[in-house]
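Enquirer: Each chain is listed here by its residues.
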Amino acid sequence: MKPTRAISPYLFLAPALAVFGLAVLLPMVLTIGYSFTEWNGFGAMTFVGLDNYATAIGDPTFRDSFIHVVLYIVATLFLEVLVGLGLAGLVHMRPGRLWFRVAIFTPVMLPMVVVAVLWSFVYNPDFGLVNAGLAAVGLEELQRVWLGDTSTALLAVSLVSGWVFAGFYMMIFYAAFRQIPSEAVEAARLDGAGEWALFSRIKVPMIRSVVWVTVLLCVTGGFQGFDLFFVLTNGGPYGATEIPTTYLVKTVFRNGDVGYGSAMAVILTAIVLGVGLVYARIQARGRRVDPA
Amino acid sequence: MLVSAALGLLALFFFFPMIWMVLSSFKTNASIFSTPFAPPTSVDFARWSEAWEVGNIGQYAINSTITTLVSVTAILLLGAGAAFAFSRYRFRGRGAFMALFALGLLLPLQSYFIAQSTLFTQLDITDTRLALIIPYTAMGLPLAVYLLKVYLDALPEELFDAARIDGAGDWRVFRELALPLLRPGLATVAIFSALSAWNEFLLALLYIQDDALKTIPTGLLAFSTRYVTDYSLLFAALSIVTIPMIVIYVVFNRQIVEGITAGSVK
Numbered sequence: 001m002k003p004t005r006a007i008s009p010y011l012f013l014a015p016a017l018a019v020f021g022l023a024v025l026l027p028m029v030l031t032i033g034y035s036f037t038e039w040n041g042f043g044a045m046t047f048v049g050l051d052n053y054a055t056a057i058g059d060p061t062f063r064d065s066f067i068h069v070v071l072y073i074v075a076t077l078f079l080e081v082l083v084g085l086g087l088a089g090l091v092h093m094r095p096g097r098l099w100f101r102v103a104i105f106t107p108v109m110l111p112m113v114v115v116a117v118l119w120s121f122v123y124n125p126d127f128g129l130v131n132a133g134l135a136a137v138g139l140e141e142l143q144r145v146w147l148g149d150t151s152t153a154l155l156a157v158s159l160v161s162g163w164v165f166a167g168f169y170m171m172i173f174y175a176a177f178r179q180i181p182s183e184a185v186e187a188a189r190l191d192g193a194g195e196w197a198l199f200s201r202i203k204v205p206m207i208r209s210v211v212w213v214t215v216l217l218c219v220t221g222g223f224q225g226f227d228l229f230f231v232l233t234n235g236g237p238y239g240a241t242e243i244p245t246t247y248l249v250k251t252v253f254r255n256g257d258v259g260y261g262s263a264m265a266v267i268l269t270a271i272v273l274g275v276g277l278v279y280a281r282i283q284a285r286g287r288r289v290d291p292a
Numbered sequence: 293m294l295v296s297a298a299l300g301l302l303a304l305f306f307f308f309p310m311i312w313m314v315l316s317s318f319k320t321n322a323s324i325f326s327t328p329f330a331p332p333t334s335v336d337f338a339r340w341s342e343a344w345e346v347g348n349i350g351q352y353a354i355n356s357t358i359t360t361l362v363s364v365t366a367i368l369l370l371g372a373g374a375a376f377a378f379s380r381y382r383f384r385g386r387g388a389f390m391a392l393f394a395l396g397l398l399l400p401l402q403s404y405f406i407a408q409s410t411l412f413t414q415l416d417i418t419d420t421r422l423a424l425i426i427p428y429t430a431m432g433l434p435l436a437v438y439l440l441k442v443y444l445d446a447l448p449e450e451l452f453d454a455a456r457i458d459g460a461g462d463w464r465v466f467r468e469l470a471l472p473l474l475r476p477g478l479a480t481v482a483i484f485s486a487l488s489a490w491n492e493f494l495l496a497l498l499y500i501q502d503d504a505l506k507t508i509p510t511g512l513l514a515f516s517t518r519y520v521t522d523y524s525l526l527f528a529a530l531s532i533v534t535i536p537m538i539v540i541y542v543v544f545n546r547q548i549v550e551g552i553t554a555g556s557v558k
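Protein sequence lines correspond, in order, to chains Y and D.
By the count of this note's numbering, the first sequence reaches residue 292 at its end, each step adding exactly one.
By the count of this note's numbering, the second sequence reaches residue 558 at its end, each step adding exactly one.
In case anyone wonders, no lab produced these hints; they're calculated from the structure.
Glycine is no exception: its CB is placed at the ideal position from the N, C-alpha and C atoms.
A couple of the hints might just be wrong.
As the list claims (entries may be wrong) - Rough simulated footprint, nothing fancy, chain D against chain Y, three-plus residues with beta-carbon under 8 Å:
{"id": "1", "segment": "81-93"}
{"id": "2", "segment": "113-127"}
{"id": "3", "segment": "140-151"}
{"id": "4", "segment": "221-234"}
{"id": "5", "segment": "261-273"}
Stated by the list, open to error - In silico SDA-like pairs for lysine to any residue, Cα to Cα no more than 25 Å straight-line:
{"id": "6", "chain 1": "Y", "residue 1": "250", "chain 2": "D", "residue 2": "488"}
{"id": "7", "chain 1": "Y", "residue 1": "2", "chain 2": "D", "residue 2": "468"}
{"id": "8", "chain 1": "Y", "residue 1": "250", "chain 2": "D", "residue 2": "415"}
{"id": "9", "chain 1": "Y", "residue 1": "250", "chain 2": "D", "residue 2": "446"}
{"id": "10", "chain 1": "Y", "residue 1": "2", "chain 2": "D", "residue 2": "453"}
{"id": "11", "chain 1": "Y", "residue 1": "2", "chain 2": "D", "residue 2": "488"}
With the sequences and hints as input, model every part of the structure.
Expert: Written out as structure tokens, the structure is:
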């Protein structure tokens with residue numbers, strides 16, 4: 001369609017571009033700029049070249065924060081994506097169970113802070129559900145201060161993440177399962193395939209591309225996780241759950257080290273974008289080889 | 293039979309923390325400690341109204357509502373405008389501008405929030421509603437533009453040509469033809485954007501210190517540090533925030549699931 005006035009397309013675009021440019025694009029460019037400086041946010045800014053990046057590479061807290069977040073991502077791949085896939089398989093066998101989907105999907109709707117405060121009670125050493133449950137079945141010796149113990153804190157946070165997002169992935173997989181032509185499933189059933197064989201050999205392979213997208217979502221989303229960690233442990237106990245996002249928020253907003261925090265933010269961004277691009281590459285290649 | 297039993301057990305496992313939360317809000321702090329699993333002796337909403345009034349939950353809910361409504365309206369209007377330009381016109385710079393919004397789909401919040409906060413401090417808009425409305429709108433736009441463009445691309449060009457022959461100018465074609473036809477797409481975008489704005493935490497934590505302007509996530513956090521040991525009051529506050537979301541989900545479950553999954557698997 002030809003615009004009645006040549007300027008019209010730009011007028012339609014301008015408001016969106018102005019807001020997006022001001023709040024996202026400009027700050028992104030500025031953040032890259034800050035990463036080459038030493039600055040406390042209001043005083044004088046000194047150019048320091050790549051010093052902040054060198055510091056980041058040698059910073060054991062920063063390095064450990066990546067180990068923690070990778071462990072967290074691995075845990076959530078099981079607790080969110082794999083559990084979600086299994087749940088979707090179960091629901092697909094008995095469709096129409098709205099109450100079930102409500103029960104499992106509700107946590108996705110809640111603010112993470114609400115989830116985190118609720119689970120801080122579930123993990124409460126005195127009256128929390130976990131310890132009380134263990135006591136009820138006579139397993140007092142397994143009781144722990146779940147979020148205050150360096151050996152369990154990261155797993156405890158990952159479990160909450162699983163509780164929230166398993167339902168999210170379940171809904172994505174369930175929607176994908178419903179797209180599968182029923183002839184494919186019926187044909188396999190006539191050949192004598194059981195429910196497990198149907199699930200593992202027919203249904204899951206047929207939604208393979210969706211599974212890969214969810215893995216990407218889980219990995220890139222995991223690197224950006226913040227809310228749960230901030231409220232439940234804020235990096236503690238003794239740094240056992242420090243992840244890049246909590247560390248860089250502390251660096252910038254508690255220690256006032258804008259330059260160093262920006263460098264860490266740039267590194268984190270590069271990793272997230274890098275994972276996404278590598279992934280898109282692999283996907284594109286897979287599609288060329290295998291048109292299905 | 294086995295599958296139904298498994299479904300029932302799983303649902304109970306997932307739902308139990310929320311049931312426990314509501315039941316505990318009717319109990320005294322002492323009985324929460326002594327008998328965590330026991331049901332309350334009576335259903336008394338006294339602590340709920342206390343949390344709503346004394347604990348400021350009412351004010352936080354109003355703030356969240358205003359912030360969410362304004363952001364979502366802005367996302368829909370600005371997003372539809374940009375999507376309309378991209379979908380229906382060929383103009384200089386179109387490809388580059390589209391690439392910018394596509395970049396926005398991938399960028400993590402961490403890539404810009406540090407400078408955004410210094411920028412907002414310099415503009416002196418921290419501790420105002422604008423400090424949340426502007427970034428929530430900006431963060432919602434890339435997805436809105438992308439999804440709405442997909443919807444618009446699917447409409448036949450003849451429709452627009454016909455409107456043009458009838459003498460409709462650019463603005464009228466947008467307002468009287470494109471916007472009404474976009475309604476299903478706008479609904480999807482609205483649901484996704486509303487949930488993100490309602491639940492956003494990090495920026496709200498950084499930009500709003502004034503308790504009278506806090507939204508539910510940061511307000512609830514402030515509330516939980518203020519009444520740190522008054523467990524039944526905290527359980528009441530959590531219940532107040534949670535139950536409306538469950539009701540909304542039960543009523544609009546199809547649209548919500550569509551909105552959230554479309555928004556994520558872009």
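Enquirer: If a hint holds in the structure, say so; if it does not, say that too.
Expert: Structure-based check of all given hints:
Closer than 8 Å: that is the beta-carbon criterion, and the segment 81-93 of chain Y has 4 residues meeting it against chain D, so the requirement of 3 holds. Under the rule that three or more residues need a Cβ within less than 8 Å of chain D, the assignment of the segment 113-127 of chain Y holds, with 9 such residues. By the rule of at least three residues with a Cβ nearer than 8 Å to a Cβ of chain D, the coverage given for the segment 140-151 of chain Y is violated, with 0 such residues. Residue count for the segment 221-234 of chain Y with a Cβ under 8 Å from a Cβ of chain D: 6. That meets the three needed, and the coverage hint holds.
Interface restraint, the segment 261-273 of chain Y with chain D: holds (8 residues with C-beta to C-beta distance below 8 Å; minimum three). Between residue 250/Y and residue 488/D, the direct Cα distance comes to roughly 24 Å. Compliance with the 25 Å bound is thereby established for this hinted pair. Under the criterion of a C-alpha separation no larger than 25 Å, the hint pairing residue 2/Y with residue 468/D is consistent with the structure, at around 17 Å. This hinted pair checks out: residue 250/Y and residue 415/D have alpha carbons roughly 23 Å apart, not beyond 25 Å.
For the suggested pair residue 250/Y and residue 446/D, the alpha carbons sit about 47 Å apart, so the restraint of at most 25 Å is broken. The straight-line distance between the Cα atoms of residue 2/Y and residue 453/D is roughly 9 Å, inside the 25 Å bound, and the hint therefore holds. Under the criterion of a C-alpha separation no larger than 25 Å, the hint pairing residue 2/Y with residue 488/D is inconsistent with the structure, at around 36 Å.
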